[in-house]
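Chemist: Could you build the full structure based on these sequences and the hints that come with them?
Single-letter residue listing:
2 protein chains.
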Amino acid sequence: MNVFIVFAHPEPTSLNGTIKDIAVKILKNNGHEVKISDLYGINFKAVLDQEDFASRKNPESFNPMIEQVNAVANGTLPQDIQDEVEKLKWADILILQFPVWWSSMPAILKGWIDRVFLPGVVHNMGEGKVYNEGLLNGKKAMLSFTTGSPQELYSSEGPHGDLNEAFRSITHTIFEFAGLEVMPSFGLYGAAMRSEEDVKMELEKFKQVLNSI
Amino acid sequence: MNVFIVFAHPEPTSLNGTIKDIAVKILKNNGHEVKISDLYGINFKAVLDQEDFASRKNPESFNPMIEQVNAVANGTLPQDIQDEVEKLKWADILILQFPVWWSSMPAILKGWIDRVFLPGVVHNMGEGKVYNEGLLNGKKAMLSFTTGSPQELYSSEGPHGDLNEAFRSITHTIFEFAGLEVMPSFGLYGAAMRSEEDVKMELEKFKQVLNSI
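Just so you know, the sequences run in chain order H and W.
In case it helps, the working numbering puts the first sequence at residues 1 to 213.
In case it helps, the working numbering puts the second sequence at residues 1001 to 1213.
Read the hints as simulated data drawn from the structure, not as lab findings.
Model, not experiment: these values are computed from the prediction.
Just so it is clear, CB atoms sit at the ideal spot from N, CA and C, and this is done for glycine as well.
Treat the hints with care, as some may be off.
Below, simulated SDA-like cross-link-like pairs (lysine to any residue); rule was C-alpha separation at most 25 Å, straight line [as the list claims (entries may be wrong)]:
(1) W:1057 <-> H:13
(2) W:1207 <-> W:1002
(3) H:45 <-> W:1014
(4) W:1045 <-> H:41
(5) H:140 <-> W:1158
(6) W:1045 <-> H:102
(7) W:1057 <-> H:37
(8) W:1057 <-> H:192
(9) W:1025 <-> H:61
(10) H:207 <-> H:37
(11) W:1200 <-> H:147
(12) W:1045 <-> H:11
(13) H:35 <-> H:80
(14) H:140 <-> H:61
(15) W:1140 <-> W:1206
(16) H:28 <-> H:190
(17) W:1207 <-> W:1194
(18) H:205 <-> H:155
(19) W:1089 <-> W:1029
(20) W:1129 <-> W:1067
(21) H:57 <-> W:1013
(22) W:1028 <-> W:1086
(23) H:35 <-> H:208
(24) H:129 <-> W:1147
(25) W:1057 <-> H:208
Derived contacts from chain W toward chain H, CB cut-off under 8 Å, selection only [as the list claims (entries may be wrong)]:
(26) 1063
(27) 1148
(28) 1151
Between beta-carbon pairs, the in silico distance windows are [stated by the list, open to error]:
(29) H:65 <-> W:1162: 31 to 39 Å
(30) W:1028 <-> H:212: 57 to 65 Å
(31) H:196 <-> W:1079: 35 to 43 Å
(32) H:165 <-> W:1082: 33 to 41 Å
(33) W:1195 <-> H:162: 34 to 42 Å
(34) W:1197 <-> H:33: 53 to 61 Å
(35) H:212 <-> W:1082: 45 to 53 Å
(36) W:1204 <-> H:127: 18 to 26 Å
(37) H:125 <-> W:1197: 22 to 30 Å
(38) H:138 <-> W:1031: 55 to 63 Å
(39) H:150 <-> W:1212: 20 to 28 Å
Modeler: Structure representation (structure tokens):
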């Protein structure tokens, strides 16, 4: 399988970095091909703005969706987006590896979605090519994340509410919308509070997930 | 009242820009003070990273939360964050004005949360100062947004699911977590598909909301 890992933690030696390294090692050992986008490492531009569109459909007023459709149709995407699109097309499985900040993705990863999940690449709204007809149909996607708060706080009865419910705005309205089959998420909760031994046990669960790919 | 509007659309002449302008005009006419952060206009840095911390608690390994706590305690926040923190402290009401991209905030606005909603400013986890004890207690907050998809698609029975549910990761785990009282959201759904007359009618509803402040 071709596995594309998008990594969004600013510190390579963080637990997120360790998890990403484990994934790369196991997947390669198991004969898979792996590509990585280390968003902080490549200083990925997080903000969808006019600078993404050298050639404009409407130079008077900037409508991001209209310019995205136009840039995809005319092949005028900037190189950094084109690189990500090619990895996305290449991949059988997409893994997003990130720390949960404010019950959501870090801005740099949201910006990767905003800029790379393009009309004409991941969906085609005009032709109804969304959800089961989404353009990434046949591929799978998975969230792998760490949280500061322990899992009790993220239970459905806990103060924050069920994080998997909150993540439906990723797993459903991004992944499934684009036609991706959603794999179960791997969450390492309460990362900072756990003992080294405890983290190791959690990582064993992650390795099992990876070995089942 | 002091009203702080955080505006996150790349095009000043967009419908989002119009809605923001209407809010400013009505609020000022009604005797309120208004401050704005036009995130695209000021080219707000969206990404929380090491550059935010000139003086580091731990120069060896970058842990964002630890460095944020340290920078707030020592007054070493960069000026752009400090400016936002001051507006936040000044405000009685915070309004986030944005286009919904992927059932969520644009990355630049998520980055504003990541960088400005600081420990020691909006909450103090260590002392249990979250939710009812959150440091922004006594202030209110409101989402004002536009969507591409019409409201039927965002109903609880619709394909995307209820957007207000998805937005609980903002209204509950960001706003309420920080002690903010949540005002009802104003959503202008299916913005691009509406007639000018229809948009006007929706904006009248928004004006009523503003006049009730």
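Chemist: Does each hint fit the structure? Answer for all of them.
Modeler: These are the hints, each one checked on the structure:
The straight-line distance between the Cα atoms of residue 1057 of chain W and residue 13 of chain H is roughly 16 Å, inside the 25 Å bound, and the hint therefore holds. For the proposed pair residue 1207 of chain W and residue 1002 of chain W, the alpha carbon gap of about 17 Å is at most 25 Å, so the pair holds. Between residue 45 of chain H and residue 1014 of chain W the alpha-carbon distance is near 23 Å, which keeps this suggested pair within the 25 Å criterion. Distance check on the hinted pair: residue 1045 of chain W and residue 41 of chain H sit about 17 Å apart at the alpha-carbon level, within 25 Å; holds.
With a C-alpha separation of about 23 Å, the suggested pair residue 140 of chain H and residue 1158 of chain W falls inside the 25 Å cut-off, and the hint holds. For the proposed pair residue 1045 of chain W and residue 102 of chain H, the alpha carbon gap of about 18 Å is at most 25 Å, so the pair holds. In summary, the hint linking residue 1057 of chain W to residue 37 of chain H is not supported, as the alpha carbons are separated by about 28 Å, beyond the 25 Å threshold. Among the hinted pairs, residue 1057 of chain W with residue 192 of chain H is consistent with the structure: their alpha-carbon atoms are about 17 Å apart, no more than 25 Å.
Taking the CA atoms of residue 1025 of chain W and residue 61 of chain H, the gap is near 23 Å; set against the 25 Å cutoff, the hint holds. With a C-alpha separation of about 21 Å, the suggested pairing of residue 207 of chain H with residue 37 of chain H holds against the 25 Å cut-off. Between residue 1200 of chain W and residue 147 of chain H the CA atoms are separated by roughly 43 Å; this puts the pair beyond 25 Å, and the hint is violated. The hinted pair formed by residue 1045 of chain W and residue 11 of chain H meets the criterion: a straight-line CA distance of about 18 Å does not exceed 25 Å.
Simply put, residue 35 of chain H and residue 80 of chain H have alpha-carbon atoms about 15 Å apart, close enough for the 25 Å limit, and the pair holds. Simply put, residue 140 of chain H and residue 61 of chain H have alpha-carbon atoms about 36 Å apart, too far for the 25 Å limit, and the pair is violated. Distance check on the hinted pair: residue 1140 of chain W and residue 1206 of chain W sit about 17 Å apart at the alpha-carbon level, within 25 Å; holds. With a CA separation close to 28 Å, the supplied pair residue 28 of chain H and residue 190 of chain H exceeds the 25 Å bound.
A hinted pair counts as satisfied when its Cα atoms are at most 25 Å apart, and residue 1207 of chain W with residue 1194 of chain W qualifies at roughly 18 Å. The hinted pair formed by residue 205 of chain H and residue 155 of chain H meets the criterion: a straight-line CA distance of about 20 Å does not exceed 25 Å. In summary, the hint linking residue 1089 of chain W to residue 1029 of chain W is supported, as the alpha carbons are separated by about 23 Å, within the 25 Å threshold. Using a Cα cut-off of 25 Å, the hinted pair residue 1129 of chain W and residue 1067 of chain W holds, with the two alpha carbons roughly 19 Å apart.
Distance restraint check for residue 57 of chain H and residue 1013 of chain W: the Cα-Cα separation of roughly 16 Å lies within the 25 Å cut-off, and the hinted pair is therefore satisfied. Of the pairs offered as hints, the one joining residue 1028 of chain W and residue 1086 of chain W holds, with about 20 Å between alpha carbons and a cut-off of 25 Å not exceeded. The hinted pair formed by residue 35 of chain H and residue 208 of chain H meets the criterion: a straight-line CA distance of about 20 Å does not exceed 25 Å. The hinted pair formed by residue 129 of chain H and residue 1147 of chain W meets the criterion: a straight-line CA distance of about 19 Å does not exceed 25 Å.
Restraint check for residue 1057 of chain W and residue 208 of chain H: not satisfied, since their Cα atoms lie roughly 36 Å apart, outside the 25 Å limit. Because the closest C-beta pair between residue 1063 of chain W and chain H is about 7 Å apart, less than 8 Å, the hint holds. With a least beta-carbon distance of about 7 Å to chain H, the hint placing residue 1148 of chain W at the interface is held under the 8 Å criterion. Interface hint status for residue 1151 of chain W: violated, as the beta-carbon distance to the closest one in chain H is roughly 15 Å, over 8 Å.
Range check, residue 65 of chain H to residue 1162 of chain W: about 23 Å between beta-carbon atoms, so the 31 to 39 Å window is missed. As the Cβ distance of residue 1028 of chain W to residue 212 of chain H is approximately 60 Å, the hint placing it in 57 to 65 Å holds. For the pair residue 196 of chain H and residue 1079 of chain W, the supplied restraint of 35 to 43 Å holds, since their beta-carbon distance comes to about 39 Å. Taking the beta carbon of each, residue 165 of chain H and residue 1082 of chain W are about 35 Å apart, inside 33 to 41 Å as hinted.
At roughly 40 Å, the beta carbons of residue 1195 of chain W and residue 162 of chain H sit within the given window of 34 to 42 Å. In this structure the supplied range 53 to 61 Å holds for residue 1197 of chain W paired with residue 33 of chain H, their Cβ-Cβ distance being about 55 Å. Roughly 48 Å separates the CB atoms of residue 212 of chain H and residue 1082 of chain W, a value that falls within the hinted 45 to 53 Å. A C-beta distance of roughly 35 Å is found between residue 1204 of chain W and residue 127 of chain H, which places it outside the suggested range of 18 to 26 Å.
A C-beta distance of roughly 24 Å is found between residue 125 of chain H and residue 1197 of chain W, which places it inside the suggested range of 22 to 30 Å. Under the hint 55 to 63 Å, the C-beta atoms of residue 138 of chain H and residue 1031 of chain W, about 59 Å apart, fit the expected range. Range check, residue 150 of chain H to residue 1212 of chain W: Cβ separation about 40 Å, and the 20 to 28 Å hint is violated.
The structure shown violates the earlier hints numbered 7, 11, 14, 16, 25, 28, 29, 36, 39.
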